[in-house]
Amino acid sequence: MSAIIFENVYRYFIRDGRSFPALDGIDLTVADKEVVALVGPSGCGKTTCLRLAAGFELPTKGRVTVGGQQVIGPGPDRAVVFQQFALFPWKSVEENIAFGLRNQGAAASTRQERISAIIKLMGLEGYETAYPHQLSGGMQQRVAIARAYVLDPEALLMDEPFGALDAQTRIVMQEELVRIARVNPRTVLFITHAVDEAVYLADRVAVMTRRPGRIKEILDVRSVRKAERWNDHERIEDVMDLESFVHLRTHIWRSLREEKMEAAP
Amino acid sequence: MASPSQRPPSKLEVFVLGFIGLAGFVGLWLAASTSGYVPRQFLPTPFDVLARAIHLLTSPFAGATLPVHLARSLERYACGVALAAAIGVPLGLAMGWYRWLDDIVTPVFDGLRFIAPIAWVPFAALWFGTGIGGPIMIIFSGAFPPCLISAYRGARFVDSKYIEAAQMLGTSNLRTVAEVLLPASFPSIVAGLRVGAGLGWQSLVGAELIVASAGVGYMMVQGQSNISTPTVMAGMLAIGLVGLLIDVALRQMEARVRRRRGLA
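If you read the sequences in order, they're chains F and G.
Numbered by this note's numbering, the letters in the first sequence go through residues 1 to 265 in order.
Numbered by this note's numbering, the letters in the second sequence go through residues 1 to 264 in order.
Same shape as in the complex, but just chain F:
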C-alpha cells in the first residue's frame, strides 16, 4: 500500500517578519495506485502541497504520510517530475535515468536491464547518448518521467508535468502517460492548470480554493469514466468530445471561476 495522505496540513510562510498562510488545513487522500489531479487558481498552494509530499518543505502543522511513513525529507520512494524537467544537462539521457538507480546500489546488470526497459517503454531508443539540450521539450519530459519511473517509486509526484510543452506535444504526452499508467500503475499526485488534462488523466480531481488553500471539492472522474466507457476511445479528442467529459470539465471550470471572482477586489 502506498497511499499519499495529507492530515490537516497547514503551511505558513514567514516574510518580513509576518506570517502568511499558504495552506489552511488540507485533508486529502490519494489511494494506492490512484491518480489524483490537483487544480486551483494560481497561487493557491498546489505546488506547496506537492513539495510537502516530496519532502522539499515541511508542514507548519499537521502531517503528510506516504505508504504509512511520515514525510520528513525528499527520497526516492517519492519520485518527482518537475515542470522544468530538471534533467542534469551534463549527463546523457541514459546517465540521467541511471542516476537514481546508482544511488540505490543496484548491480550493474539489473540496472542496465531496468534502464533498457524504461527507455523502450518511454520511446527513447536511439537517444541514450544524447544530452538534454539536444532534445525537444517533449523528449526531455519523457526522460524526466523515465528517471522517476525507473526507481519504481511508491508515489509519483508531478508538478505541471506538461506545462512547459506546446499544445500538440502535450496531447501526445498525455496519451502516453495513460498508456504507461495502464502498463505500470502508480500512486500519482499531479498538479495542472489545464482542466482538460485533469479530467482526462485523473481518477479524481481535487479543486482547491484560492489562497490560503483548502480542498474545495473532489470530483470522482473514475466512476464517470467507467459508466460512460471513456476507455473505449483511443484518442484524447474523442474522449474530450463526450458529453460526460464536457459536463465534468464545465463543472470544474465554474468552480475555479468562482474562486477567481471572489479573489477580485
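Please keep in mind that the hints were generated in silico from the structure rather than gathered at the bench.
Every residue, glycine too, gets a C-beta built ideally from N, C-alpha and C.
Don't take every hint at face value.
[Unchecked claim] Calculated lysine to aspartate or glutamate pairs in the DMTMM-like style (CA-CA distance at most 25 Å, straight line):
no.	chain 1	residue 1	chain 2	residue 2
1	G	K161	F	D238
2	G	K161	F	D77
3	F	K33	F	E228
4	G	K161	F	E228
5	G	K161	F	D152
6	F	K91	G	E254
7	F	K91	G	E179
8	F	K91	F	D77
9	G	K161	F	E94
10	G	K161	F	E217
11	F	K91	G	D159
12	F	K91	F	E128
13	F	K91	G	D102
14	G	K161	G	E75
15	G	K161	F	E160
16	G	K161	F	E57
17	F	K216	F	D32
18	F	K33	F	E160
19	F	K61	G	E164
20	F	K260	F	E217
[What the hints assert, rightly or not] Each pair of labels, with its calculated beta carbon distance range:
no.	chain 1	residue 1	chain 2	residue 2	range
21	G	I132	F	G137	23 to 29 Å
22	G	K11	F	T129	34 to 40 Å
23	F	G73	G	G21	56 to 62 Å
24	F	D166	G	M253	52 to 58 Å
25	F	Q112	G	L74	27 to 33 Å
Could you slot chain G onto chain F? The hints should help.
For chain G alone, kept in the frame of chain F given last:
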C-alpha cells in the same frame, strides 16, 4: 559606453584600430628612446629589446637561455596554480554546500585575501625557502582566491531544481557535491581558473625575486644588477606574451565548456 548613434565596428575596423593603438605605443616608445633625452642604456628601443630577446633564445644569460628560464618558470607556475585549483575548487564547493564550513572559512579567507602575492614573498622565503617551495607558495597565493571564490559562488548559485532532483533521487551529500554541484558550477569554475591562472602568472616575478637558480624573474633580477635594461625588458616581453597565450588557451577552453553545455 558606446553612444546610441554608434554602430558596432566591423571586424576589420577593430583590427585596424587595435593595430593603430599598438603602433602608436611602439612609435612613442621609439621616439622617446631615440630622442636623446633618455640614455639608450635605460630606455632601449623596441628593436633593441626584440634583438636582445632573440639573442637570449640561444645564448645563455644568468646561467640559462630564455627558453630554459621560461621552462623553469612554467614549472613553478604550473605547480602553484595546480595546487591552488586542487585545494581551492573542492574547498569552495564544500563551502557552498555546508553552511558551517562557510562560516568557519570565510572570516579567515577574507582576512588573508587582501595580502597581495608580493607581500607573501618574505614570509614564503622564510618558511618554504628559496628552492621550489617559496615561489610555489607565492604563485599559490595569487591563484588561490579566484579558484575558491568561483567554486563557492558556482555552488551557492546552482539552480535549486538540480539539487532537489538529486535529493529526490536519494543522492548522498558526497555524490551531490561531486556529480551535481561540481558540474553545475563548472562554467563558473573554469572562469575562476582563468582569472586565477592570470593572477598566478602575474605573481611569478615576485615569486622569482627570491629564487637563486633560474626562471624569467631571476633572469630579470640578474639583468637589473648588470644594468642590462634590454634583458629586463626582454623578460617583461616574454612574460607578457606567455601570459597572453595562457589566457587565450583558457578562454578557448571556457568557450568549449559553455558550448558543450548548450550555454552559448
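Each hint tested on the structure:
With a C-alpha separation of about 36 Å, the suggested pairing of K161 of chain G with D238 of chain F is violated against the 25 Å cut-off. At most 25 Å may separate the alpha-carbon atoms for a hinted pair to count; K161 of chain G and D77 of chain F meet this at roughly 18 Å. For the proposed pair K33 of chain F and E228 of chain F, the alpha carbon gap of about 21 Å is at most 25 Å, so the pair holds. A distance of roughly 40 Å separates the Cα atoms of K161 of chain G and E228 of chain F; the hinted pair therefore is violated under the 25 Å criterion.
A C-alpha spacing of about 21 Å is found between K161 of chain G and D152 of chain F, which places the hinted pair at or below 25 Å, so the restraint holds. Only pairs whose Cα atoms come within 25 Å are accepted, and K91 of chain F paired with E254 of chain G is accepted, the gap being roughly 18 Å. At most 25 Å may separate the alpha-carbon atoms for a hinted pair to count; K91 of chain F and E179 of chain G meet this at roughly 9 Å. For the given pair, K91 of chain F sits about 22 Å from D77 of chain F by alpha-carbon distance, which is consistent with the 25 Å threshold.
Between K161 of chain G and E94 of chain F the CA atoms are separated by roughly 19 Å; this keeps the pair inside 25 Å, and the hint holds. About 31 Å separates the Cα atoms of K161 of chain G and E217 of chain F, which puts this hinted pair outside 25 Å; it is violated. Distance restraint check for K91 of chain F and D159 of chain G: the Cα-Cα separation of roughly 16 Å lies within the 25 Å cut-off, and the hinted pair is therefore satisfied. Taking the CA atoms of K91 of chain F and E128 of chain F, the gap is about 10 Å. The hint holds against a cut of 25 Å.
Taking the CA atoms of K91 of chain F and D102 of chain G, the gap is near 28 Å; set against the 25 Å cutoff, the hint is violated. Simply put, K161 of chain G and E75 of chain G have alpha-carbon atoms about 42 Å apart, too far for the 25 Å limit, and the pair is violated. A distance of roughly 14 Å separates the Cα atoms of K161 of chain G and E160 of chain F; the hinted pair therefore holds under the 25 Å criterion. Restraint check: the Cα-Cα separation between K161 of chain G and E57 of chain F comes to about 14 Å, which is no more than 25 Å; the hinted pair holds.
The suggested pairing of K216 of chain F with D32 of chain F holds, with an alpha-carbon distance near 22 Å, which does not exceed 25 Å. Distance hint between K33 of chain F and E160 of chain F is fulfilled; the C-alpha atoms sit about 19 Å from each other, no more than 25 Å. The straight-line distance between the Cα atoms of K61 of chain F and E164 of chain G is roughly 23 Å, inside the 25 Å bound, and the hint therefore holds. Annotation: proposed proximity of K260 of chain F to E217 of chain F holds, straight-line Cα distance about 15 Å (limit 25 Å).
Our hint of 23 to 29 Å for I132 of chain G and G137 of chain F is violated, since their Cβ atoms are close to 54 Å apart. Here the CB-CB span from K11 of chain G to T129 of chain F is close to 37 Å, well matched to the stated 34 to 40 Å. Distance hint check: the CB atoms of G73 of chain F and G21 of chain G are about 59 Å apart, consistent with the given range 56 to 62 Å. A hinted range of 52 to 58 Å for the beta carbons of D166 of chain F and M253 of chain G is inconsistent with their spacing of about 36 Å.
Taken as a hint, the range 27 to 33 Å is violated for the pair Q112 of chain F and L74 of chain G, whose Cβ atoms sit roughly 45 Å apart.
In terms of the numbered hints stated before, the structure departs from hints 1, 4, 10, 13, 14, 21, 24 and 25, listed from lowest to highest.
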